[in-house]
Structure formats: C-alpha cells, structure tokens
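Trainee: Letter by letter, the chains look like this.
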Amino acid sequence: MSNAAYKEMWEKLDLDVPAHDALLEVLGKFYGDIYMSQQGRLQGAEYLDFVLSEVHGLRIKEIQDAKAQGRKVVGSFCVFVPEELTLAADAVHVGLCAGADAGKEAAERIVPRNTCALIKSFVGFKLAKICPFTESCDMIVGETTCDGKKKAYEAFGEYVNMYVMEVPQCKNASDRDLFKSEILRYKAELETLTGKTIGVEELKRGIGIVNAKRKALQRLTALRAADPAPISGRDALLINQISFYDDPVRFTAKINELCDEIEKRIATGEGVAPKGTPRLMLAGCPMAVPNWKLPYVIESAGAVIVGEESCIGTRNTRDLVDEEAVAKATTMDELVDALTDRYMRIDCACFTPNDERLDNVTALARDVKAQGVIHYSLLFCQPYAHETFKVDKALAAAGVPMLAIETDYGMEDVEQLKTRVQAFIETLE
Amino acid sequence: MGGERSAGIDIGSRSIELVLLEDGEMVVSRRLPTTFDPLRQCRTLLSGQRISRMAATGYGRELAAGLAGELGLPVTVERITEIKAHALGAYARFPQARTVLDIGGQDTKAIALSGGGKALKFEMNDRCAAGTGKFLEYTAGVFQIPVEEFGNYALEGDEAPVINSMCTVFAETEATSLMARGVKPQNIALGLHDAIVKRTVNMLNRVGLAFPLVFAGGVANNPCVRELLAKALSAAPGEELLTPPDPDMNGALGAALWAARQD
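Taken in sequence, the protein lines are chains S and L. Under my numbering, the first residue of the first sequence carries the number 1, and numbering increases by one thereafter. Under my numbering, the first residue of the second sequence carries the number 1, and numbering increases by one thereafter.
Any given hint could turn out to be false.
Unchecked claim - Pulled a few chain L residues facing chain S out of the computed Cβ check, cut under 8 angstroms:
1. Val28
2. Thr76
3. Leu120
Said to hold, decoys possible - Beta-carbon label-pair distances, calculated as ranges:
4. Glu149(L) to Phe30(S): 28 to 34 angstroms
5. Ser29(L) to Lys369(S): 55 to 61 angstroms
6. Glu54(S) to Thr176(L): 46 to 52 angstroms
7. Cys167(L) to Ser181(S): 55 to 61 angstroms
8. Val27(L) to Ala22(S): 42 to 48 angstroms
9. Thr35(L) to Ala22(S): 18 to 24 angstroms
10. Glu261(S) to Met26(L): 40 to 46 angstroms
11. Ala22(S) to Ala232(L): 47 to 53 angstroms
12. Ala236(L) to Glu270(S): 55 to 61 angstroms
13. Pro95(L) to Glu270(S): 56 to 62 angstroms
14. Ala22(S) to Gly141(L): 48 to 54 angstroms
15. Thr35(L) to Glu25(S): 51 to 57 angstroms
What the hints contain is simulated information worked out from the structure, not anything from laboratory work. Yeah, the Cβ is synthetic: ideal placement off N, Cα and C, and Gly gets one too.
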C-alpha cells in the first residue's frame with residue numbers, strides 16, 4: 001500500500017504528517033543503503049523487508065483494527081515489562097520507537113541535554129508527533145531501570161498515560177518479592193485497563209506465545225555459530241528489533257521458517273560472507289530501530305556479527321519462563337512465581353552486583369565462536385559504561401579481545417568508528 | 001630499471017606523506033599539506049613515480065583506492081588503518097619497541113605492540129581533537145607564534161600553571177584568563193604543553209605502557225612535548241623514549257612496508 005492510503009490513519013492519530021513523511025523518507029533511504037545493499041541475503045529476509053516497509057503502515061492499521069474490536073494497546077521500552085501478562089489480557093504489546101535522532105530539540109526542553117540518545121529519542125518521537133505506535137497506545141509502561149529513564153518518565157507522563165513498574169536494583173529475596181508484587185500490580189492495572197480478568201488459562205496462553213517467540217530467537221542464535229555465517233548481523237539485529245513490533249504469533253512462524261532456510265544453507269556450506277571472515281559479537285546497550293550505525297560500520301569493515309548480547313538480543317531471549325512449572329501450575333500464584341523467576345534472571349546493568357552478565361557474555365562469545373567482542377555503550381549510559389571495564393576483564397581472562405565503543409545516534413563520528421573497528425579487526429588477523 | 005618499488009601514502013588531516021621503498025631502502029620521503037583537495041595533493045606526490053605496490057593509510061585512505069587507476073599505476077591500493085601502519089613503521093625503525101604513541105593532526109593513538117610489530121591493543125581520542133596537533137596549532141595561534149616554534153617558546157617557561165581544559169576552545173579561555181592575571185606567556189605555553197602530556201600519559205597507561213616507547217607523528221617534532229613526556233614517564237630519551245628522525249613519516253613508512261609484503 002502506498003503512504004497516501006495511510007495518510008488518513010496518520011491524521012486520525014494526530015501525527016505531524018509532513019514531519020512523519022520526512023522521517024519515512026530518511027528511514028527508507030537508510031534501510032536501502034544498509035540492508036538492500038547486502039549480498040547473499042536469505043529468502044526469508046523478504047519478511048523483514050516487508051515488515052519494515054509497513055512498520056508505520058500495515059502494522060499500525062492492524063493495531064487500529066484491534067483497537068476497533070475493543071482491544072487495548074500497551075507500549076513499553078524495556079524487556080522487564082512482561083509481555084506474557086499483556087497478551088493474557090488480550091491487549092497488544094509493542095516496543096516503542098527510540099532508535100533515531102528525532103525531535104531532539106523538543107526533547108531537550110523536558111529532559112537534560114546529557115541524557116542518553118535512547119531516552120531523548122522516545123521523548124522526541126512523542127513531542128514531534130511522528131511515532132504512530134506511541135500515538136496508538138492506551139497505556140505506556142515504564143520501569144525504573146536507570147535514573148535517566150525513571151526521571152524522564154515523570155516528564156513523559158505529562159503527555160501520555162504513563163504507568164511505571166519498579167525494577168529492583170539487587171537480587172536478594174526481598175528484591176524478588178518486590179518484583180513479584182510489581183508483576184501483580186501490573187496484572188491488576190491491565191485488568192482495569194482492559195476490563196478483562198486474567199485467569200490461569202489466559203496467562204498460560206500468554207506465556208506460551210512469548211516462550212515460543214523466544215525459542216525461535218534462541219534457535220536463530222544457535223544457528224549463527226556456523227562458519228560461514230549464514231545470516232548477517234544486520235539482519236539478525238533487525239529480527240530482534242522486529243520481535244518488539246510485529247504480531248508475536250506471526251513473527252514466530254516467520255522466524256522459524258527463516259531458521260529452516262538457514263539450516264539448509266548451513267548444510268550446503270553457504271553463508272553471507274566467506275568462511276574465515278572475522279567473527280565479532282556485539283555486547284552492551286540495546287540498538288532500537290533504526291539504530292544500525294555500528295553494525296553497518298562493522299560489517300562494512302569486512303567482519304560479520306555473530307551475536308548481540310543486548311536487550312534487543314540475547315538479554316531478551318536467553319531465558320524462558322520455566323515450561324515445566326507452567327505446565328504443572330494450577331494457580332495464579334504459581335504462574336506469577338514462574339514469571340518472576342524468569343524476569344529476575346535478566347542480567348541488566350542496572351543491577352548490583354551483576355556478575356552473571358560477565359558469565360553470560362563470555363559464554364555467548366564462546367558459543368557463537370566470536371573472535372572478538374565490540375562493547376557498545378550509549379553516550380551517558382552510566383550502567384553499561386561502568387560494566388565496560390568488567391566485561392573487558394572477563395573477556396580478556398577468557399582470551400577474547402574486546403573493543404569498547406561509546407557513541408550515540410549522530411553520524412559525525414562514523415569515520416572515527418570505522419578506523420577503530422578496522423584497526424580492531426586488524427589486531428585479530 | 002631498479003628493483004620493486006613499494007609506496008606508502010598516509011593521508012592525514014593536516015598533511016599527506018609519501019614513502020617509497022626500493023629493496024627495503026627508503027628512496028623517496030615527501031610530504032605536502034592536505035589542503036581542501038587531498039586528491040590533488042596525492043597526485044602531485046605520486047606523479048612520475050615508478051611504483052610496483054602501494055598501500056594507503058590515514059583518515060583519507062579510502063580516497064586512494066581510485067588513485068592508482070587514475071594515474072595509470074598497475075597496482076591495487078591496499079588500505080590499512082593508521083594503527084597498523086604506525087605499529088609496522090615503529091617496529092621497522094626500532095624492533096625492540098613495545099608501545100607506539102602517535103600524535104597527529106586530529107588523532108592521538110597509543111598502541112601496545114606484540115613481539116613482531118603487530119598491534120595488540122590500542123586507544124584513540126574520541127571524536128574531538130582535544131590534545132592533538134590541532135590543539136597545539138590553535139593555541140600557538142593565540143600566542144601569534146608558528147606551531148613549529150611553539151615548543152621552544154614553551155621551554156622558555158619555568159613554571160607551568162595547571163590548564164584543566166583539554167577542549168581547544170576552553171583551553172584558549174583558560175589561557176586568556178591566565179594572561180589577564182599577568183602570568184608569563186611562556187609559562188602559559190608550558191602549561192598547555194603539560195596538559196597534552198598528562199592526557200597522553202593516561203592514554204598510554206590504558207594500553208599498558210611498556211618501554212621502549214616510540215613517539216611518532218607530527219607532534220613528536222615538538223621538543224617541549226618530548227621533554228615533558230620523558231619527564232612524566234621517567235623515561236630516558238634515546239633508550240626508553242625513542243623518536244625517529246622524521247616522526248611524521250612513520251605512518252607512510254608502515255604503509256610502504258605493508259605494500260612490500262603483498263604478492
């Protein structure tokens with residue numbers, strides 16, 4: 001469908017249509033340069049191209065149709081917000097736009113300048129009225145993962161229906177209790193929002209959908225251990241990004257089909273880059289759509305990315321809700337316990353200590369056979385910037401070299417990044 | 001006809017250097033300012049040269065890809081980063097080198113070397129040119145002194161005030177307020193040099209400084225930076241702190257050595 005056909009919908013959502021058109025144009029060009037220029041892509045990448053081309057079109061229309069049928073839409077910015085519960089309340093769960101410099105000047109009127117690009121981006125998208133997902137939301141769920149976000153939600157709350165979950169900072173028994181109570185509070189909030197009651201069956205269904213999605217992504221991660229690499233890091237990142245936007249059941253089916261294709265490709269020894277191409281893994285901050293800058297720099301420098309240790313990557317997909325516990329559960333309390341246990345395993349840098357992340361980074365580097373790791377911190381992201389030192393040490397002990405990169409969404413440092421990344425690859429040769 | 005000739009070209013932000021090696025001997029070593037038309041400067045440097053192999057480095061290395069064809073040179077231009085080029089160049093001059101420091105026009109790089117002249121680990125300044133050659137060039141301008149003489153001028157100072165800012169613009173503000181307070185200009189100049197050296201020492205420590213350290217890049221021509229660096233590191237010049245006679249050519253030399261290794 002053409003953009004013209006969606007114009008009425010965007011106007012109804014009160015988007016700034018000319019500004020939104022400009023965004024889509026830039027996005028389209030950016031996607032063309034970074035994605036369509038790739039050689040040897042999978043057939044299944046057509047799904048990715050389609051979803052991305054319709055991300056503000058057909059997907060938004062689906063969401064509007066769901067709303068017309070009485071379903072509610074919940075937006076979030078973080079992997080701590082349990083999608084299982086949102087789906088159990090028959091609501092739509094979407095990750096919101098936060099990966100481009102947009103509405104920066106407007107954002108800097110309500111959040112400090114030295115705030116990370118991700119936060120400025122979601123605030124900017126709202127203030128500039130260019131994100132149809134944000135405008136479709138009946139409720140936006142924030143979380144207290146870092147100071148920047150939790151204070152930004154106070155400012156953001158003046159513009160949207162904001163709900164904030166408290167994420168603990170440690171992993172003691174009392175912290176688990178806190179998060180369990182937060183999950184229950186979110187459940188109650190969803191029930192109020194949707195007017196529906198979340199029962200054992202509904203929650204089991206929600207858990208089933210999200211577990212299946214995470215399993216498909218785990219399958220993809222495992223297949224990327226192959227040499228030659230069967231899929232580019234850019235496409236794999238895009239898959240992880242799309243997992244926050246697309247309908248979860250359709251997404252899971254498509255990614256499983258894509259994994260079938262990858263298995264065939266591996267069997268014939270085919271890949272996106274020749275065998276022996278330097279293999280790098282990304283670790284650190286999330287890369288929200290359309291933040292493809294660093295992956296593009298890395299893969300243009302002659303390496304291939306074989307894993308993403310980030311919230312838009314394995315931090316979101318590594319752990320399932322315990323299937324056995326779910327199958328056996330007969331009460332809501334047992335299910336909420338299983339959910340709590342799964343979410344408390346997330347190794348976000350907001351926790352102290354967070355030593356399990358060091359083990360997870362090292363294990364993933366080994367599993368995907370990465371020769372080096374590029375640690376990515378968003379400028380002004382204190383938690384991940386701090387962990388850069390620890391991750392470097394842990395990887396060095398495991399014999400894996402690491403390059404630390406701190407950057408944002410601006411393009412002015414691309415040449416310097418290229419030099420660093422190329423020099424890092426040279427040291428691996 | 002002579003032997004095989006390998007060219008290394010280092011297209012930096014301030015200057016472009018060309019080194020030609022023939023049977024391992026440096027037969028050409030030339031340098032031009034980068035200007036706004038670096039390609040034209042490259043052509044000037046390369047025209048009329050007989051070249052069998054070629055490698056380019058420096059921030060403009062990609063520019064050189066099309067040069068060979070354009071100049072009718074029967075070569076493929078290899079491209080390597082400045083990190084690799086400086087490591088190779090320093091190793092060729094000083095095989096015992098363990099660390100390389102390159103302070104160029106807009107970058108500072110600290111490189112830890114393995115035994116064979118291979119870069120093990122490196123650090124670079126961020127996107128901003130704080131504490132690089134550009135910083136000296138700019139602040140020398142404040143004193144109305146050519147950058148080439150700025151080091152000797154600073155060495156006339158006897159007491160360096162602390163300059164806290166590494167940002168070129170803020171450092172100028174600091175220097176101006178020191179002048180207003182009547183501080184001797186040579187001392188302020190010394191303070192500015194000291195600020196660069198402190199920042200550089202931090203970077204060297206981050207890659208795990210080991211001696212001997214080779215100091216290359218245009219700023220290695222500055223006697224004040226050399227002296228303050230030796231002092232800050234307690235390094236004996238000529239033993240632990242080594243400076244090649246033509247430190248600006250180190251990157252181009254490394255590129256030429258890389259070109260010579262290609263089939």
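Trainee: If a hint holds in the structure, say so; if it doesn't, say that too.
Mentor: We went through each hint and held it up to the structure:
1. Here the hint on Val28(L) is broken, as its CB sits about 26 angstroms from the closest CB of chain S, past 8 angstroms.
2. Look at Thr76(L): its Cβ only gets to about 15 angstroms from chain S, farther than 8 angstroms, so that hint breaks.
3. Among the interface hints, the one on Leu120(L) holds; its C-beta lies about 6 angstroms from the nearest C-beta in chain S, closer than the 8 angstroms criterion.
4. Between Glu149(L) and Phe30(S) the Cβ separation comes to about 48 angstroms, which falls outside the hinted range of 28 to 34 angstroms.
5. Roughly 44 angstroms separates the CB atoms of Ser29(L) and Lys369(S), a value that falls outside the hinted 55 to 61 angstroms.
6. A C-beta distance of roughly 57 angstroms is found between Glu54(S) and Thr176(L), which places it outside the suggested range of 46 to 52 angstroms.
7. Roughly 48 angstroms separates the CB atoms of Cys167(L) and Ser181(S), a value that falls outside the hinted 55 to 61 angstroms.
8. Look at Val27(L) against Ala22(S): about 55 angstroms separates their beta carbons, and that is not inside 42 to 48 angstroms.
9. Under the hint 18 to 24 angstroms, the C-beta atoms of Thr35(L) and Ala22(S), about 36 angstroms apart, miss the expected range.
10. Between Glu261(S) and Met26(L) the beta carbons are some 54 angstroms apart, a value that contradicts the proposed interval 40 to 46 angstroms.
11. About 51 angstroms separates the C-beta atoms of Ala22(S) and Ala232(L), a value consistent with the hinted range of 47 to 53 angstroms.
12. Judged by the Cβ atoms, the range 55 to 61 angstroms given for Ala236(L) and Glu270(S) holds: they are separated by roughly 58 angstroms.
13. A beta carbon spacing of about 44 angstroms between Pro95(L) and Glu270(S) contradicts the range 56 to 62 angstroms that was offered as a hint.
14. In this structure the hint that Ala22(S) and Gly141(L) lie 48 to 54 angstroms apart at CB is violated, the actual value being about 41 angstroms.
15. For Thr35(L) and Glu25(S), the Cβ-Cβ distance of about 35 angstroms falls outside the hinted range of 51 to 57 angstroms, so the restraint is violated.
Comparing the model with each numbered hint stated earlier shows that hints 1, 2, 4, 5, 6, 7, 8, 9, 10, 13, 14, 15 do not hold.
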